[in-house]
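As given, the protein sequences belong to chains A and B, one line each in that order.
Going by the working numbering, the first sequence wraps up at 258, each residue one higher than the last.
Going by the working numbering, the second sequence wraps up at 636, each residue one higher than the last.
For the record, the hints were derived by calculation from the structure and aren't laboratory data.
Be careful, since some hints might not be right.
Claimed, not checked - Straight-line Cα separation of at most 35 Å, DSBU-like style, residue types lysine-lysine; simulated pairs:
hint: 1; chain 1: A; residue 1: Lys-18; chain 2: A; residue 2: Lys-154
hint: 2; chain 1: A; residue 1: Lys-2; chain 2: A; residue 2: Lys-197
hint: 3; chain 1: A; residue 1: Lys-108; chain 2: A; residue 2: Lys-18
hint: 4; chain 1: B; residue 1: Lys-292; chain 2: B; residue 2: Lys-456
hint: 5; chain 1: A; residue 1: Lys-18; chain 2: B; residue 2: Lys-456
hint: 6; chain 1: B; residue 1: Lys-292; chain 2: A; residue 2: Lys-191
hint: 7; chain 1: A; residue 1: Lys-199; chain 2: A; residue 2: Lys-154
hint: 8; chain 1: B; residue 1: Lys-292; chain 2: B; residue 2: Lys-515
hint: 9; chain 1: B; residue 1: Lys-455; chain 2: B; residue 2: Lys-570
hint: 10; chain 1: B; residue 1: Lys-292; chain 2: B; residue 2: Lys-455
hint: 11; chain 1: A; residue 1: Lys-229; chain 2: B; residue 2: Lys-515
hint: 12; chain 1: A; residue 1: Lys-191; chain 2: A; residue 2: Lys-229
hint: 13; chain 1: A; residue 1: Lys-108; chain 2: A; residue 2: Lys-237
hint: 14; chain 1: A; residue 1: Lys-108; chain 2: A; residue 2: Lys-229
hint: 15; chain 1: A; residue 1: Lys-198; chain 2: A; residue 2: Lys-2
hint: 16; chain 1: B; residue 1: Lys-455; chain 2: A; residue 2: Lys-237
hint: 17; chain 1: B; residue 1: Lys-456; chain 2: A; residue 2: Lys-108
hint: 18; chain 1: A; residue 1: Lys-237; chain 2: B; residue 2: Lys-515
hint: 19; chain 1: B; residue 1: Lys-455; chain 2: A; residue 2: Lys-18
hint: 20; chain 1: A; residue 1: Lys-229; chain 2: B; residue 2: Lys-570
hint: 21; chain 1: B; residue 1: Lys-521; chain 2: A; residue 2: Lys-191
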Amino acid sequence: MKLIVLVKEVPDTYGDRKLNLETGLADRGASEAVLDEISERALEAALTYADANPGTEVVALAAAPAGSVSTVRKALGMGADRAIHVADEALAGADIVLTAQVLAAAIKRDGFDLVISGNVSTDGSGGMVPAAIAEYLEVPQLTGLSEIEITDSKVSGTRPIDGGAQRVSAQLPAVVSITEAFPDPRFPSFKGIMAAKKKPFETVSLADLGVRADDPEVARSIMLSIAEKPPREAGIKIVDDGEAGKDLADFLLKNRLA
Amino acid sequence: MFEFTDDQLALQAMVRQFAQEELAPNALDWDERKHFPVDVLHRAGELGMGAIYVDEEFGGSGLTRCDAAMIFEELAHADPTISAYISIHNMVTWMIDTYGDRQQRARWVPVLADMGVLSSYCLTEPGVGSDAAALTTRAVRDGDHYVINGTKQFISGAGVSGIYLVMVRTQDTGHAGISTIVVEEGTPGLSFGPEEKKMGWHAQPTRQVVFENVRVPVANRLGAEGAGFGIAMSGLNGGRLNIGACSIGGGQAALDKSVDYLKERTAFGGPLINQQSILFQLADMEIELVTARTLLWRAADALDRGADDAVKLCAIAKKVATDAGFTVANAAIQLHGGYGYLTEYGLEKIARDLRVHQILEGSNEIMRLIVGRIVAEE
Numbered sequence: 001m002k003l004i005v006l007v008k009e010v011p012d013t014y015g016d017r018k019l020n021l022e023t024g025l026a027d028r029g030a031s032e033a034v035l036d037e038i039s040e041r042a043l044e045a046a047l048t049y050a051d052a053n054p055g056t057e058v059v060a061l062a063a064a065p066a067g068s069v070s071t072v073r074k075a076l077g078m079g080a081d082r083a084i085h086v087a088d089e090a091l092a093g094a095d096i097v098l099t100a101q102v103l104a105a106a107i108k109r110d111g112f113d114l115v116i117s118g119n120v121s122t123d124g125s126g127g128m129v130p131a132a133i134a135e136y137l138e139v140p141q142l143t144g145l146s147e148i149e150i151t152d153s154k155v156s157g158t159r160p161i162d163g164g165a166q167r168v169s170a171q172l173p174a175v176v177s178i179t180e181a182f183p184d185p186r187f188p189s190f191k192g193i194m195a196a197k198k199k200p201f202e203t204v205s206l207a208d209l210g211v212r213a214d215d216p217e218v219a220r221s222i223m224l225s226i227a228e229k230p231p232r233e234a235g236i237k238i239v240d241d242g243e244a245g246k247d248l249a250d251f252l253l254k255n256r257l258a
Numbered sequence: 259m260f261e262f263t264d265d266q267l268a269l270q271a272m273v274r275q276f277a278q279e280e281l282a283p284n285a286l287d288w289d290e291r292k293h294f295p296v297d298v299l300h301r302a303g304e305l306g307m308g309a310i311y312v313d314e315e316f317g318g319s320g321l322t323r324c325d326a327a328m329i330f331e332e333l334a335h336a337d338p339t340i341s342a343y344i345s346i347h348n349m350v351t352w353m354i355d356t357y358g359d360r361q362q363r364a365r366w367v368p369v370l371a372d373m374g375v376l377s378s379y380c381l382t383e384p385g386v387g388s389d390a391a392a393l394t395t396r397a398v399r400d401g402d403h404y405v406i407n408g409t410k411q412f413i414s415g416a417g418v419s420g421i422y423l424v425m426v427r428t429q430d431t432g433h434a435g436i437s438t439i440v441v442e443e444g445t446p447g448l449s450f451g452p453e454e455k456k457m458g459w460h461a462q463p464t465r466q467v468v469f470e471n472v473r474v475p476v477a478n479r480l481g482a483e484g485a486g487f488g489i490a491m492s493g494l495n496g497g498r499l500n501i502g503a504c505s506i507g508g509g510q511a512a513l514d515k516s517v518d519y520l521k522e523r524t525a526f527g528g529p530l531i532n533q534q535s536i537l538f539q540l541a542d543m544e545i546e547l548v549t550a551r552t553l554l555w556r557a558a559d560a561l562d563r564g565a566d567d568a569v570k571l572c573a574i575a576k577k578v579a580t581d582a583g584f585t586v587a588n589a590a591i592q593l594h595g596g597y598g599y600l601t602e603y604g605l606e607k608i609a610r611d612l613r614v615h616q617i618l619e620g621s622n623e624i625m626r627l628i629v630g631r632i633v634a635e636e
């Protein structure tokens, strides 16, 4: 069984997250770069399966700037067998479709039984990449799973929906994405961290994958303008001079909050 | 030596995350309830923290003393008490791995490395502290066994630990008559005093360990008969670095809390941090900590290399670091005013915890004695 886990470097959720107003790109210097926690949960799901099923190969796959090596390597420290890092300057500001195209090309090139991804990253929050990858790979997708079971030929799980939960399953090969309902990820052990640098770490470019970022035949989203979030305005303070209840009700009605 | 490698940065990131998620949020609660979190220690062990600078052959992590200094500082930033206990445990694991034969190492190192079994270092006695060579707990040979009688004092982890590394007298020849013996929990005649009430370190138990005709196989002795004093002292070299690192971590936490607080606290028309007298105080705290950390890394490097001056540097670093940590923690209380005196703010706990670091692993007076004697001999 070969599991490919998508791992993403993101700005630390607990730090300042900024956009560069000139380039429209995330300002990577504004905060610490970390492995997205949902990526770690996806990896945990793969490693849990691998722990119970010897012979399983777990590959961490990232599309990230060249400087992201230590973040990707954390996946190796946690226990992935090897890493593939797609690093190419042409990927700066890549949209969902290009990102999915590149990751799908890397997955296809390597071969796979199951791709496991987080459902949505904490920075871009698009949530479409896993589905797009499944389309490119022409395999079934089970998205937004809160539980997973993997057998030799099949993957199944539970997908919460409004007012209920779906039981879903697919034949392998397939793509799944998981939610924060999955168990907390493990810490990399000292031994894992020290062993990580000895594990295979492959860096590939777009040319290696045969993908063109500027292919005129493919539609790409283009950012036309970007603006800083306006500063928050102070709220309205209602002082209780005997009429506060009425004032509050008026406020709620006026703002259609009632 | 003065810049972390990529590996060290990755180790630090993991320990920091572990400490901030598993220790920091619970530190005040454990302190208040006097709760010894053996489950959390076991998780730390599974990550490699029970045998940090121990050979990998029987489950050690194979890291350096410099790595250990960085690790204990990170743990202590979250909770000095837990970090200090892990330091003591590492000292025992290292001593068994270093001075034990293959059978002893294979038997004890794996269970100590993952902290499924905890350990206690038993040197001090009710009437014997700094003058350790005068210890009186006696082991008398009886065939293939030793029969141990005596009492050990101030023993961290006592009553919970599974393994007691005990320095005993096998001959009446001063320090040359001391041997090191492993005593396992449950051995008949092994008992413990009541939990000591103490100023700090509430999240780890301290008790007397009492030996009444405790029979232990001779195979439990580490190294040769009479080698115990040297074993005990060599363990302490690393222990001194570790406890120094615990003080720096606690002091750094106190400084970090102070900076945050002084930016928010306003008086005399603005944030307190704008007052020059405050800045000078913060600078003094930073100077103490950076000085201590730099010296500690140098001593750790000397111990890693087996340098001739390692013993002296470890003693100097232990004194400087444990004094620095307490001074900074105490200053942080003052900077917080009345809030520093409240338990809720966490400052008084740090000061209470760090105070004992100036006393144990060889008191700071003994550190001066070691340094003074070496200077006089040079």
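Now the hints, each set against the structure:
Taken as a hint, the A:Lys-18 and A:Lys-154 pair is broken in the structure, with Cα atoms around 42 Å apart against an allowance of 35 Å. Only pairs whose Cα atoms come within 35 Å are accepted, and A:Lys-2 paired with A:Lys-197 is accepted, the gap being roughly 21 Å. The straight-line distance between the Cα atoms of A:Lys-108 and A:Lys-18 is roughly 34 Å, inside the 35 Å bound, and the hint therefore holds. With a C-alpha separation of about 10 Å, the suggested pair B:Lys-292 and B:Lys-456 falls inside the 35 Å cut-off, and the hint holds.
Restraint check for A:Lys-18 and B:Lys-456: not satisfied, since their Cα atoms lie roughly 48 Å apart, outside the 35 Å limit. Between the alpha carbons of B:Lys-292 and A:Lys-191 the distance comes to roughly 32 Å, so the proposed pair stays at or under 35 Å and holds. A distance of roughly 29 Å separates the Cα atoms of A:Lys-199 and A:Lys-154; the hinted pair therefore holds under the 35 Å criterion. Annotation: proposed proximity of B:Lys-292 to B:Lys-515 holds, straight-line Cα distance about 23 Å (limit 35 Å).
Using a Cα cut-off of 35 Å, the hinted pair B:Lys-455 and B:Lys-570 holds, with the two alpha carbons roughly 33 Å apart. Restraint check for B:Lys-292 and B:Lys-455: the C-alpha separation of about 10 Å stays at or below 35 Å, so the hint holds. For the given pair, A:Lys-229 sits about 31 Å from B:Lys-515 by alpha-carbon distance, which is consistent with the 35 Å threshold. With a C-alpha separation of about 44 Å, the suggested pairing of A:Lys-191 with A:Lys-229 is violated against the 35 Å cut-off.
Between A:Lys-108 and A:Lys-237, the direct Cα distance comes to roughly 58 Å. Violation of the 35 Å bound is thereby established for this hinted pair. Note on A:Lys-108 and A:Lys-229: the hinted pairing is violated, with a Cα-Cα distance of about 40 Å set against a maximum of 35 Å. Using a Cα cut-off of 35 Å, the hinted pair A:Lys-198 and A:Lys-2 holds, with the two alpha carbons roughly 20 Å apart. For the given pair, B:Lys-455 sits about 52 Å from A:Lys-237 by alpha-carbon distance, which is inconsistent with the 35 Å threshold.
Proposed proximity of B:Lys-456 and A:Lys-108 is contradicted: the alpha carbons are some 63 Å apart, above 35 Å. Between A:Lys-237 and B:Lys-515, the direct Cα distance comes to roughly 32 Å. Compliance with the 35 Å bound is thereby established for this hinted pair. For the suggested pair B:Lys-455 and A:Lys-18, the alpha carbons sit about 51 Å apart, so the restraint of at most 35 Å is broken. Of the pairs offered as hints, the one joining A:Lys-229 and B:Lys-570 is violated, with about 58 Å between alpha carbons and a cut-off of 35 Å exceeded.
Note on B:Lys-521 and A:Lys-191: the hinted pairing is violated, with a Cα-Cα distance of about 40 Å set against a maximum of 35 Å.
In the structure shown, a violation is registered for the earlier hints numbered 1, 5, 12, 13, 14, 16, 17, 19, 20 and 21, in ascending order.
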